[in-house]
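Asks: Sequences are here, hints too, so could you generate the full structure?
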Amino acid sequence: MSVTLTIDDRQVTVPEGTTIWDAACQAGVEIPVLCHDPKLRPVGVCRMCAVEVEGARVMAAACVREAEDGMVVRTATEKVERCRGMLTELLLSEQPKQSPKEATTGDDKLFELARAYGVKVRLPQGNSRPQDDSSPAIAVDHQACILCDQCIRACNDIQNNDVIGRTGKGYTTRISFDLDNAMGKSTCVTCGECVAACPTGALINKEIEVPLRPREQLKTVPSVCPYCGVGCAIDYHVDEKENKVVFVDGRDNPGSGGRLCVKGRYGYDYTAHPHRLQTPLIRVDSAYPKGPLSAAVQSSTGEYEGKRKRKRKPGGIVDYDEVMPAFREATWDEALDFAAQRLREIKEQHGGGALAGFGSAKCTNEEAYLFQKLVRAGFGTNNVDHCTRLCHASSVVALLEMIGSGAVTTTFGDIKNADVALITGTNTTSNHPVAASFFKEAARAGTKLIVVDPIRTGIADYAWRFIQIRSSTDVTFYNAVMHVIIEEGLVDEAYVQKHTYDFDKVKESVKGYTPDVAAGICGVPAEAIREIALAYGRARAAVTYWGMGMSQHVYGTDNCRCIISLCLMTGNMGKHGAGLHPLRGQNNVQGASDAGLIPMVFNDYQSVADDAIRAKYEKHWGLELDPKPGLTMVEIITGALEGTVKGMYMVGENPFLSDPNTNKVRRALANLDFLVVQDIFLTETAEFADVILPSSSALEKLGTVTNTDRRVQVVRPVLTPPGEAREDWRVICDLSTRIGYPMPYEHPEEVFQEMIELGGAYKNLTYENLGLSGKLYPCDDPENSDGTVVMFGDGFPTENGKARFVPVQQSGPEELPDEEYPFVLITGRMLEHWHTGVMTRRSRTLDAIEPEAIVEMLGEDLQKLGVVEGDLVQVSSRRGSIRLKARETHRMQPGSIFIPFHFREAAANVLTSEKLDPDGKIPEFKFSAVKVERVVAGAPSERRAASGAVRRR
Amino acid sequence: MRPVSGNGKFSAELVKRVEALWERYPDRKAALLPALHLIQKERDGWLSDETIRDAAELFDVPDMHIKGIVGFYDMFHGQPVGRHVVRLCKTLSCKLRGADELRAHVREKYGVLNGETTADGRFTFKCFECLGHCEVAPMMLVDEEKHTELTTDKLDAVLEALA
Numbered sequence: 002m003s004v005t006l007t008i009d010d011r012q013v014t015v016p017e018g019t020t021i022w023d024a025a026c027q028a029g030v031e032i033p034v035l036c037h038d039p040k041l042r043p044v045g046v047c048r049m050c051a052v053e054v055e056g057a058r059v060m061a062a063a064c065v066r067e068a069e070d071g072m073v074v075r076t077a078t079e080k081v082e083r084c085r086g087m088l089t090e091l092l093l094s095e096q097p098k099q100s101p102k103e104a105t106t107g108d109d110k111l112f113e114l115a116r117a118y119g120v121k122v123r124l125p126q127g128n129s130r131p132q133d134d135s136s137p138a139i140a141v142d143h144q145a146c147i148l149c150d151q152c153i154r155a156c157n158d159i160q161n162n163d164v165i166g167r168t169g170k171g172y173t174t175r176i177s178f179d180l181d182n183a184m185g186k187s188t189c190v191t192c193g194e195c196v197a198a199c200p201t202g203a204l205i206n207k208e209i210e211v212p213l214r215p216r217e218q219l220k221t222v223p224s225v226c227p228y229c230g231v232g233c234a235i236d237y238h239v240d241e242k243e244n245k246v247v248f249v250d251g252r253d254n255p256g257s258g259g260r261l262c263v264k265g266r267y268g269y270d271y272t273a274h275p276h277r278l279q280t281p282l283i284r285v286d287s288a289y290p291k292g293p294l295s296a297a298v299q300s301s302t303g304e305y306e307g308k309r310k311r312k313r314k315p316g317g318i319v320d321y322d323e324v325m326p327a328f329r330e331a332t333w334d335e336a337l338d339f340a341a342q343r344l345r346e347i348k349e350q351h352g353g354g355a356l357a358g359f360g361s362a363k364c365t366n367e368e369a370y371l372f373q374k375l376v377r378a379g380f381g382t383n384n385v386d387h388c389t390r391l392c393h394a395s396s397v398v399a400l401l402e403m404i405g406s407g408a409v410t411t412t413f414g415d416i417k418n419a420d421v422a423l424i425t426g427t428n429t430t431s432n433h434p435v436a437a438s439f440f441k442e443a444a445r446a447g448t449k450l451i452v453v454d455p456i457r458t459g460i461a462d463y464a465w466r467f468i469q470i471r472s473s474t475d476v477t478f479y480n481a482v483m484h485v486i487i488e489e490g491l492v493d494e495a496y497v498q499k500h501t502y503d504f505d506k507v508k509e510s511v512k513g514y515t516p517d518v519a520a521g522i523c524g525v526p527a528e529a530i531r532e533i534a535l536a537y538g539r540a541r542a543a544v545t546y547w548g549m550g551m552s553q554h555v556y557g558t559d560n561c562r563c564i565i566s567l568c569l570m571t572g573n574m575g576k577h578g579a580g581l582h583p584l585r586g587q588n589n590v591q592g593a594s595d596a597g598l599i600p601m602v603f604n605d606y607q608s609v610a611d612d613a614i615r616a617k618y619e620k621h622w623g624l625e626l627d628p629k630p631g632l633t634m635v636e637i638i639t640g641a642l643e644g645t646v647k648g649m650y651m652v653g654e655n656p657f658l659s660d661p662n663t664n665k666v667r668r669a670l671a672n673l674d675f676l677v678v679q680d681i682f683l684t685e686t687a688e689f690a691d692v693i694l695p696s697s698s699a700l701e702k703l704g705t706v707t708n709t710d711r712r713v714q715v716v717r718p719v720l721t722p723p724g725e726a727r728e729d730w731r732v733i734c735d736l737s738t739r740i741g742y743p744m745p746y747e748h749p750e751e752v753f754q755e756m757i758e759l760g761g762a763y764k765n766l767t768y769e770n771l772g773l774s775g776k777l778y779p780c781d782d783p784e785n786s787d788g789t790v791v792m793f794g795d796g797f798p799t800e801n802g803k804a805r806f807v808p809v810q811q812s813g814p815e816e817l818p819d820e821e822y823p824f825v826l827i828t829g830r831m832l833e834h835w836h837t838g839v840m841t842r843r844s845r846t847l848d849a850i851e852p853e854a855i856v857e858m859l860g861e862d863l864q865k866l867g868v869v870e871g872d873l874v875q876v877s878s879r880r881g882s883i884r885l886k887a888r889e890t891h892r893m894q895p896g897s898i899f900i901p902f903h904f905r906e907a908a909a910n911v912l913t914s915e916k917l918d919p920d921g922k923i924p925e926f927k928f929s930a931v932k933v934e935r936v937v938a939g940a941p942s943e944r945r946a947a948s949g950a951v952r953r954r
Numbered sequence: 042m043r044p045v046s047g048n049g050k051f052s053a054e055l056v057k058r059v060e061a062l063w064e065r066y067p068d069r070k071a072a073l074l075p076a077l078h079l080i081q082k083e084r085d086g087w088l089s090d091e092t093i094r095d096a097a098e099l100f101d102v103p104d105m106h107i108k109g110i111v112g113f114y115d116m117f118h119g120q121p122v123g124r125h126v127v128r129l130c131k132t133l134s135c136k137l138r139g140a141d142e143l144r145a146h147v148r149e150k151y152g153v154l155n156g157e158t159t160a161d162g163r164f165t166f167k168c169f170e171c172l173g174h175c176e177v178a179p180m181m182l183v184d185e186e187k188h189t190e191l192t193t194d195k196l197d198a199v200l201e202a203l204a
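If you read the protein sequences in the order shown, they are chains F and C. The numbers in my numbering rise by one with no breaks, and the one at position 134 of the first sequence is 135. The numbers in my numbering rise by one with no breaks, and the one at position 79 of the second sequence is 120.
The hints are simulated quantities; they were obtained by calculation from the structure and are not laboratory data. Predicted, not measured: the structure shown is a model, and the values here were computed from it. We put the beta carbon where it would ideally sit given N, CA and C, even for glycine. Just so you know, not all the hints are guaranteed correct.
[Claimed, not checked] With a Cα cut of at most 30 Å, we get these calculated DSS-like pairs of lysine-lysine:
1) Lys170(F) with Lys187(C)
2) Lys150(C) with Lys187(C)
3) Lys70(C) with Lys449(F)
[Unchecked claim] Label-pair ranges, simulated between beta-carbon atoms:
4) Glu861(F) with Gly86(C): 37 to 43 Å
5) Asp85(C) with Thr173(F): 23 to 29 Å
6) Gly86(C) with Gly490(F): 52 to 58 Å
7) Glu55(F) with Ala53(C): 56 to 62 Å
8) Tyr172(F) with Asp85(C): 26 to 32 Å
9) Glu208(F) with Gly156(C): 39 to 45 Å
Replies: Structure below.
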């Protein structure tokens with residue numbers, strides 16, 4: 002049903018239930034509002050949108066009043082204008098004299114209205130409400146607050162964080178955080194959505210790098226967030242003269258919907274950090290033989306302690322004063338010639354197999370493609386890999402094996418169409434915060450979230466059922482779930498028949514996994530397993546999201562096989578609200594994999610061992626290629642240690658911190674004959690380099706990146722690279738040319754089109770049609786379509802078009818806790834930091850929120866050790882030990898601890914084992930046996946008083 | 042959403058009564074006001090942050106939702122109170138009939154201003170908006186019992202009888 006009404010003499014027809022405000026927008030009539038935004042549910046508290054409705058007794062608030070058929074509305078009569086002027090004056094009378102917002106980012110809607118209505122304040126201006134400066138990123142001025150509720154709805158309805166409410170009444174009414182705490186002491190996750198929503202100066206950004214100025218005075222560049230795989234669209238506001246980002250806004254696009262998290266909104270200033278590498282560097286003769294240069298890198302492994310008596314700085318990032326004397330500045334020509342010559346020499350002496358390259362999931366698709374081309378064609382080897390090996394390699398192996406495609410089959414936003422969503426092994430609220438906001442939103446709207454995790458993650462707080470399983474019992478758990486589904490006759494026989502094969506094998510293999518058997522192993526009630534099986538099995542549409550908790554095990558591939566089987570047997574594929582989605586950790590890990598930055602495949606997952614495929618590449622690239630799949634990341638490091646890999650080129654990768662068993666990595670890096678590191682900062686890994694090439698950050702180049710949803714987006718140059726730093730793709734081309742394999746590309750899009758020519762996934766896409774919002778590949782009609790959300794509606798890209806079931810049995814982790822090492826260590830990431838911290842620890846806001854390494858454990862475990870929060874503890878495994886501060890949490894299980902791997906002064910990977918999953922070659926980051934010992938003396942109660950309050954999350 | 046049968050933080054008796062309240066409303070949140078009165082009674086007459094967290098868990102609502110309610114409604118106490126709460130009406134009828142004098146008397150004799158608790162913890166004194174008994178002004182509410190047509194003598198008698 003639709004209704005037709007007249008607004009300011011314009012007729013407009015709208016669906017029943019449309020508000021007058023929305024109808025006016027459609028008719029092109031602008032009605033001022035302070036409390037309303039189309040993204041938010043209307044509340045009608047500011048009354049600025051009041052309009053006259055013919056025949057009505059009083060004026061109506063347009064944002065909440067529904068349009069009626071035949072209604073005659075006037076939005077700008079003298080009476081209406083007088084009221085708005087009066088309202089503006091009343092609101093303004095309590096504002097600070099100058100708007101805090103106009104003094105910073107601009108766009109204070111109240112002051113704009115005041116100017117529009119020519120309001121002069123005749124009433125006294127208030128100044129008695131407090132300010133709250135406690136958050137490192139956001140300043141709160143309660144005096145400038147008009148209680149419009151927008152921040153409350155932004156926090157609770159958009160980001161679903163439930164932090165902001167209101168408290169008090171009358172004049173003392175104010176927005177409040179949690180239990181009326183200061184913002185910086187609350188559970189606020191600093192996503193800044195409230196700042197974006199605030200129409201006045203009550204919530205404003207704090208200055209980060211350069212003084213804040215209104216948007217109009219700055220250059221705005223639409224690009225993509227450089228952090229996680231969600232790939233949020235961002236508008237960067239840039240001071241061109243300073244070559245620095247002043248502040249950012251979330252940009253509306255079909256993926257992220259304008260939302261951002263703390264890293265995206267406040268973590269951009271690393272690009273302008275004085276540590277940025279600006280000239281090529283060559284190691285000086287006196288700095289050989291090679292080894293770690295900074296005291297922190299030496300001692301972080303525990304081996305060098307006591308050998309050198311240099312004054313050691315407590316923690317932090319690489320100390321340039323310590324490292325720089327080992328290098329001298331060089332010209333690009335000198336550095337590139339030297340690097341090319343040494344790499345060529347190694348190739349000539351030992352063959353291409355003695356060379357290897359680590360590319361980066363933080364670079365663009367074009368750079369990833371060029372890098373693997375350089376290694377394959379220039380080095381003559383397939384020894385090329387990147388950090389996907391450390392995150393979702395096992396997921397991709399299982400997906401390729403079973404459904405013939407390594408990418409997600411659905412998007413994170415499509416959760417809204419699911420009845421049930423299984424979210425497992427992913428700390429989404431920390432690692433993919435914006436995706437998590439869509440999960441939480443779906444939960445509010447009725448999607449049943451089933452969260453299965455050994456850690457009570459943030460998303461578990463929104464779950465319909467949370468199952469805290471014992472670490473490393475996932476296979477048993479999911480086999481039991483499948484057991485129940487089969488027993489209860491909930492298998493989608495028609496789907497299984499039509500689209501899959503080998504189901505009988507899984508049916509057979511899960512027979513022994515009754516809920517009662519599984520209950521004992523997983524540490525959860527049998528009834529809970531049954532309940533979840535029934536909910537998943539009976540769902541009209543069930544979708545599965547998973548993360549590193551599933552993949553980073555020595556049987557990570559088995560874990561993934563289980564959830565894929567579960568999805569297939571219930572026919573949850575090829576329709577909205579269903580499917581499989583491994584959440585990708587880095588901005589371009591999907592794209593880097595698509596582009597062939599993997600030892601076994603060219604771009605688009607085409608096997609290097611396949612003669613026909615290789616022939617195609619040989620023809621296009623004009624030389625013979627190595628048919629042998631290359632070594633994976635950890636195998637390359639092992640090769641370096643054993644001396645079979647002698648020369649390496651690493652772009653944007655920091656294996657010193659990211660790879661398991663740091664002690665081994667250190668020895669391996671020191672053992673390399675020649676190492677070229679290309680990065681934006683001196684990383685821990687660069688301390689072992691012979692040549693260091695300064696490159697561009699994600700904000701300084703043109704190219705494309707592909708997010709976890711398969712959304713290909715264009716990143717645009719926001720800043721110019723500092724000093725002599727160059728875009729990575731140019732450096733790769735230059736080096737390749739000097740090695741003897743010319744790469745005469747002039748523009749990234751040439752590379753993009755070459756990729757498409759050789760592998761069809763990104764077919765039809767161009768920089769132009771990707772536009773501002775990007776496209777989900779595959780996309781048949783880029784002019785009219787956003788691309789494909791749901792994949793595999795009819796069959797799979799396998800040989801017979803069917804998906805294959807792969808049965809698995811529970812196997813154990815490599816090392817179990819014992820008397821000496823009684824704790825289970827799980828490593829992972831924090832909300833504020835990313836990967837090895839190279840970028841986030843150089844972002845002031847992020848560093849201010851989480852400045853130091855911590856280990857999280859339960860209060861009862863702390864108590865047993867006689868440790869209180871804030872105490873220094875020593876955590877050791879069979880491979881090494883680190884010291885860091887204890888933090889109490891309610892999210893772990895007894896006997897299990899969590900350490901984020903961002904901090905080099907307490908590098909979590911000193912403790913982890915380099916044992917690999919046999920199929921995915923992924924290390925076991927999620928399970929190590931460790932011991933925890935307290936370091937400080939003194940009674941716990943005295944220390945507690947000294948350690949101060951820490952935020953509860 | 043979550044099947045709640047108490048969260049172990051409140052007495053079984055209270056949880057039973059809260060569950061009975063839930064039956065009467067279309068959604069649980071709607072029962073918050075009567076439930077918070079019960080909870081306040083069980084927790085020494087006031088709603089500490091810890092109590093608020095427990096209640097938020099019981100109702101599966103964010104902490105700040107309950108904090109906002111406690112801040113808004115005068116009959117919920119965000120601070121510790123004495124063994125009794127004395128609410129003296131200060132609105133027009135009572136004011137015209139001598140509420141101000143009674144207030145001054147309380148201040149002088151018992152040493153407490155609006156919102157304060159006597160040193161011996163016997164009672165917390167609050168000046169309140171209209172309590173709806175203008176016909177017998179001035180009046181006060183002591184805990185849940187009303188005392189009407191007050192004089193200083195009458196007021197003293199009531200307050201001194203408090204344990």
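Asks: Are the hints correct? Go through all of them and say.
Replies: Taking the hints in turn, this is what the structure says about them:
Note on Lys170(F) and Lys187(C): the hinted pairing holds, with a Cα-Cα distance of about 26 Å set against a maximum of 30 Å. With a C-alpha separation of about 21 Å, the suggested pairing of Lys150(C) with Lys187(C) holds against the 30 Å cut-off. In summary, the hint linking Lys70(C) to Lys449(F) is supported, as the alpha carbons are separated by about 20 Å, within the 30 Å threshold. Between Glu861(F) and Gly86(C), the C-beta spacing of about 32 Å breaks the proposed range 37 to 43 Å.
Take Asp85(C) and Thr173(F): their Cβ atoms lie about 25 Å apart, and the range 23 to 29 Å holds. Evaluation of the 52 to 58 Å hint for Gly86(C) and Gly490(F) yields a pass: the beta carbon distance comes to about 56 Å. Range check, Glu55(F) to Ala53(C): Cβ separation about 60 Å, and the 56 to 62 Å hint holds. In this structure, Tyr172(F) and Asp85(C) meet the distance hint of 26 to 32 Å, their C-beta atoms being roughly 30 Å apart.
Range check, Glu208(F) to Gly156(C): about 40 Å between beta-carbon atoms, so the 39 to 45 Å window is met.
The structure shown violates just one earlier hint, number 4.
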